[in-house]
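Participant: For the protein sequence lines, the chains are A and B, in the order given. At position 227 of the first sequence the residue is numbered 227 (our numbering), and the sequence of numbers has no breaks. To convert, count from 1 in the second sequence and add 253; that's our numbering.
Keep in mind the hints are simulated off the structure, nothing from the lab. Positions of the beta carbon are idealized from the N, C-alpha and C atoms, including for glycine. Heads up, a few of these hints could be off.
Computed beta-carbon distance windows for the label pairs [stated by the list, open to error]:
(1) D284/B - L13/A: 38 to 48 Å
(2) I295/B - V251/A: 45 to 55 Å
(3) A179/A - I350/B: 12 to 22 Å
(4) Y318/B - K4/A: 28 to 38 Å
(5) E247/A - I270/B: 32 to 42 Å
(6) V324/B - A6/A: 22 to 32 Å
(7) K4/A - D284/B: 25 to 35 Å
(8) I350/B - A35/A: 40 to 50 Å
(9) G38/A - N255/B: 26 to 36 Å
(10) L370/B - G140/A: 53 to 63 Å
Residues from chain A that face chain B, not an exhaustive set, calculated with beta carbons under 8 Å [as the list claims (entries may be wrong)]:
(11) G151
(12) R152
(13) A219
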Amino acid sequence: MSDKHAPFFVGYLPVPGPLRGILLAVCVLFISGLAGFGLALGVAQDDPGDGAFRFDYGRQTVTGVVELTPYPLLRVTEGNDRIKAGHTLMLAGQGKNSVENRAIPLEGKLAKVSGVILQRGDLDMLQLRGGRNGLGPVEGAAPELVTEPLGRWKLAGEICDGKCLAGAMRPGRGLAHKACANLCLIGGVPPVFVSTQPVEGSEFLLITGPDGGPLPQGAYDYVAQFVSLEGDVERRGDLLVLRLDPETLEVLE
Amino acid sequence: MNQAEIILMGLRIWGTIGALVAAVFLTFGMDRIDEDAQDAYIFRPLLIPGILAIWPLVLWRWYLYETGREVWARRYDPPRKAHFAVGWILPIGICAIIVTGLSIRQQWPAEIAPERLSAPTEVSQ
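Only chain A is shown next, with the shape it has when bound in the complex (with noise of 0.2 Å):
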């Protein structure tokens, strides 16, 4: 060292003189830059909203008729406080999986489904208990059950996984949760397209294939961005169906 009077600071030696005020101001910028930097992420982040597992409405149990969209559909028949008769459930199963294997023996027929609902707004899914607790039939005839086309339609938003969305995860979606919506999806969780506005009345659809198969994996690269797509729309029950057109997905700038 050239000077050897210059002021150096060592931890564990008392503090140089000359060398207190801007160890000082250092350490007031330091701490307080940091807490304002997090503050700014934080608030730069969207809202996750108010998605969740409702295990304070206890276990819900109701009857009707499973469909398959592919994905598993209960149309509710007999409902009780929280899930009215005339109501179409989308169904999961715990953690990343389906139900479409306890369900494919099922479909037409009229079936009971025990399970924890999930809910954001409008939009709900149940999450079955295993076995034959949680979706087993019930015997008795199924309604014919209508299924209503909506035509064709150009729409704009996001393909995300229902059951994150729904409030497994907050956030449920957009770019951080990309991977976890892929999981999900490739799992069998029936995916949920969010509309920017309301498509006769709901923002939420079920996204399936073209024709009326799973979505196609090509259009996983699409998940948790903001995208533009067209399909055949349905209703089924209170339930919008989007039967997506691979080719005309596109990224939006």
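Given the coordinates of chain A, work out where chain B should sit on it, guided by the hints.
Facilitator: Frame of chain A; chain B shown alone:
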């Protein structure tokens, strides 16, 4: 090939070269440049992750030792001289990355309304 595939491909190439460097350096190279490491093998697998990450630096240092160009007294000059610049570049760079990410992220296209392209056909049961 989309952006994710390009990144993955780059990581695979980097990791593959790193694995080759680790295999050669840990079996032959280390013994040639560090006599203290001779006949000591248990610790070598612990170095594999580090070599995978910074294999170009490993090759460079290996080259200096092999060619006799290594000057131990000057070894720490570059990082020491870079402290001041790096001390500024790092926080500014982190802030710039975050601000850039926030500013170029997509905005929710709330102004785009749903558009019906064709009328419904018929009700099915």
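Participant: Does each hint fit the structure? Answer for all of them.
Facilitator: Going down the list of hints, with the structure as the test:
1. D284/B - L13/A: 38 to 48 Å: holds (44 Å)
2. I295/B - V251/A: 45 to 55 Å: About 51 Å separates the Cβ atoms of I295/B and V251/A, which means 45 to 55 Å holds.
3. A179/A - I350/B: 12 to 22 Å: Because 20 Å falls inside the window, the suggested range holds.
4. Y318/B - K4/A: 28 to 38 Å: holds (36 Å)
5. E247/A - I270/B: 32 to 42 Å: holds (39 Å)
6. V324/B - A6/A: 22 to 32 Å: Roughly 28 Å apart at Cβ, these two residues keep to the hinted range, so it holds.
7. K4/A - D284/B: 25 to 35 Å: Distance hint for K4/A, D284/B is violated at roughly 44 Å.
8. I350/B - A35/A: 40 to 50 Å: Violated, since I350/B and A35/A (Cβ atoms, about 20 Å apart) do not stay within the stated range.
9. G38/A - N255/B: 26 to 36 Å: holds (33 Å)
10. L370/B - G140/A: 53 to 63 Å: violated (40 Å)
11. G151: holds (4 Å)
12. R152: Hint on R152/A: holds, closest Cβ of chain B at ~4 Å, below 8 Å.
13. A219: violated (13 Å)
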